[in-house]
Amino acid sequence: MNSDVLISIRDVSMNYGTGRQDAIEHVSVDIKKGEILALVGSNGSGKSTLMKGMLKLMPFTCGEMERKSGLRIGYMAQMHTAVRDFPATAREVVLSGTRQARFSPFYTKQQKADAEEAMRLMEINDLAAQHIGNLSGGQLQRVLLARALAGKPELLVLDEPCSALDPGTTHALMELFTRLRDEQGVSIVISTHDWHFVRHHADRVLVLNHRLEYVGEISGWNGREDEHTCHH
Amino acid sequence: MPSLSLWDILVHPITLRAYTVGALVSLCLAVMGVILVLKRYAMIGHGLGEIGFASTALAALIGLYEYSLAVSIPLVCLSSLLIMYFDRKSSMGGDVFIGIFATTALAAGVIAGRFTDGYSIESSLFGSIYGVSNAYLIGVIALSAAILIVFTLLYTRLFSVTFDETYARAEDMKADSYQFIISLLTSVAVVLGMRVLGAMMISSFIIFPALTARRLSRSFKGMIAMAALAAFVSFTVGMLLSVLSQTTARPLPVGACVVLVSLVLMLLSMGVASLRSKK
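Going down the list, the sequences are from chains A and B.
Take 1 as the starting number for the first sequence in the numbering used here and just add one per residue.
Take 1001 as the starting number for the second sequence in the numbering used here and just add one per residue.
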């Protein structure tokens, strides 16, 4: 595998149980170092499924994947897998995303610093001691994003990270993603319905409709933008 | 102990040994209970208690009652791994397998108990302050310490796996191995507690402290500390009630007394929590 490639997926299909229609069929794509790859497609087109495959949360029914060994990934799921009434503070959640170094009841100084830094980027330092159940949807989303950032990932996999955010916050986040790519070389795979983001910030776009319709630079996409979007 | 004064009973080696065992094991079960309750897997404790009962009865049947820990721990650990394995392989859900294992074990244990002279099925099921030898006490102290040390060392990882298993998997944490560790630690704690607390009562030592703590805690760390405190208070008060009853015509089993005290504590915590939320 080319050293500039973090994940290489070749001709993979996935489904939710035998006999069901494949959620994705014969998709191939390379995730390159330092790129923002936008996944677009209507709801149910297989974007989340493809992400789960990359993260090894769901098996491929055929095809293969190569991942850079020891690849550090930060993930944010679309449907929060976290339980809201779980007794945890925002800080505890963000800390859980830091790189686990040693076996200890305490987080290291480095882990605490990484968590603080991630909370600062997400502007949630003042929420750190709050119980997650007291947070609004948008605040919780920022906490979960901070968790994904806290492990200093090489690759961020974000499933519609802005769905619960207001336009102002969304805009700030998009700027942040671009900065993470430019300054730290972080790769970002992001599913979105926001073509404005795709056009202005993404390096490449992957259009999915169970099958791969297109992957490449946005300028090469001839299809209509709105037929693959679902406006909220 | 009808001829002894109350003080004599309280400081009697039998009482002190039972208290030490019960308090340590309550603590272990309470901290494991936080994880099991939050993962919605608390009923495993009930199943393991009944499997533990069967294994103790088996140990008594083959003349190894004094070494029942050595017989029960491997058997209960193995059963919990099997339950977990079938739970993952099948689409029916873990509670079905807990049910199958637990009732089979209960039936086998009762039958094995009937064939063993001098073996009290009732005290096995509901707990007794008698029957803690020095060797047993040392075994419990060593193993409880081991459980608490492993739990402490894995604390940050246990939080990750309990809070969001999907995320832990996505980060390439070996979530399955932590599940196994949780099962094994719980199995050992359940076995350690059976003799004093009672096989049928064990699951409440897992569930009640966690529920008491949950409503009052806003952090994971706080919930663990609160559950440990709740377990300690419930056990101490329950044990005291049981000891006091030993001089009467109707001595009460420890496990049952502690469970009722735990329930009161849980109801109190619910009251406090709802008052707090109205403010």
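Any given hint could turn out to be false.
[As the list claims (entries may be wrong)] In silico EDC-like cross-links for lysine to aspartate or glutamate, where the CA-CA straight-line distance does not exceed 20 Å:
id, chain 1, residue 1, chain 2, residue 2
1, A, K56, B, D1095
2, A, K152, A, D4
3, A, K56, A, D30
4, B, K1221, A, D85
5, A, K33, A, D166
6, A, K32, A, E183
7, A, K109, B, D1087
8, A, K56, A, E160
9, B, K1039, A, D85
10, B, K1174, B, D1087
11, B, K1039, B, E1165
12, B, K1039, B, D1117
13, A, K32, A, D11
14, B, K1221, A, E116
15, A, K68, A, E123
16, A, K68, A, D85
17, A, K68, B, D1172
18, A, K152, B, D1172
19, A, K33, B, E1165
20, B, K1278, A, D85
21, A, K152, A, E116
22, A, K33, A, D85
23, A, K56, A, D11
24, A, K32, A, D203
25, B, K1089, B, E1165
26, A, K33, A, E154
27, A, K33, A, D4
[Unchecked claim] A few chain B positions that, by computed beta-carbon distances, are all more than 10 Å from chain A:
id, residue
28, W1007
29, L1081
30, E1171
Calculated directly from the structure, the hints in this document are not laboratory data.
Beta carbons are placed, not taken as given, at the ideal position from N, Cα and C, and that holds for glycine.
Here's how the hints hold up against the structure:
1. K56/A - D1095/B: 27 Å, violated
2. K152/A - D4/A: 18 Å, holds
3. K56/A - D30/A: 16 Å, holds
4. K1221/B - D85/A: 15 Å, holds
5. K33/A - D166/A: 29 Å, violated
6. K32/A - E183/A: Satisfied, since the Cα-Cα distance of roughly 16 Å is no more than 20 Å.
7. K109/A - D1087/B: 39 Å, violated
8. K56/A - E160/A: Distance ~19 Å between K56/A and E160/A Cα, so the pair holds.
9. K1039/B - D85/A: 12 Å, holds
10. K1174/B - D1087/B: 18 Å, holds
11. K1039/B - E1165/B: 9 Å, holds
12. K1039/B - D1117/B: 41 Å, violated
13. K32/A - D11/A: 17 Å, holds
14. K1221/B - E116/A: Cα-Cα ~19 Å, so holds.
15. K68/A - E123/A: Outside the cut-off at roughly 31 Å; violated.
16. K68/A - D85/A: Not OK: K68/A and D85/A at ~36 Å, beyond 20 Å, violated.
17. K68/A - D1172/B: 13 Å, holds
18. K152/A - D1172/B: This hinted pair holds, its Cα atoms lying about 14 Å apart.
19. K33/A - E1165/B: 27 Å, violated
20. K1278/B - D85/A: Holds, because 18 Å separates the two Cα atoms, which is no more than 20 Å.
21. K152/A - E116/A: Holds: K152/A and E116/A sit about 12 Å apart, inside 20 Å.
22. K33/A - D85/A: 37 Å, violated
23. K56/A - D11/A: 16 Å, holds
24. K32/A - D203/A: 10 Å, holds
25. K1089/B - E1165/B: OK: K1089/B and E1165/B at ~18 Å, within 20 Å.
26. K33/A - E154/A: Since the Cα atoms of K33/A and E154/A sit roughly 8 Å apart, the hinted pair holds (cutoff 20 Å).
27. K33/A - D4/A: Roughly 5 Å separates the two Cα atoms, so the pair holds.
28. W1007: 39 Å, holds
29. L1081: 22 Å, holds
30. E1171: 6 Å, violated
Against the hints set out earlier in the document, violations occur for numbers 1, 5, 7, 12, 15, 16, 19, 22, 30.
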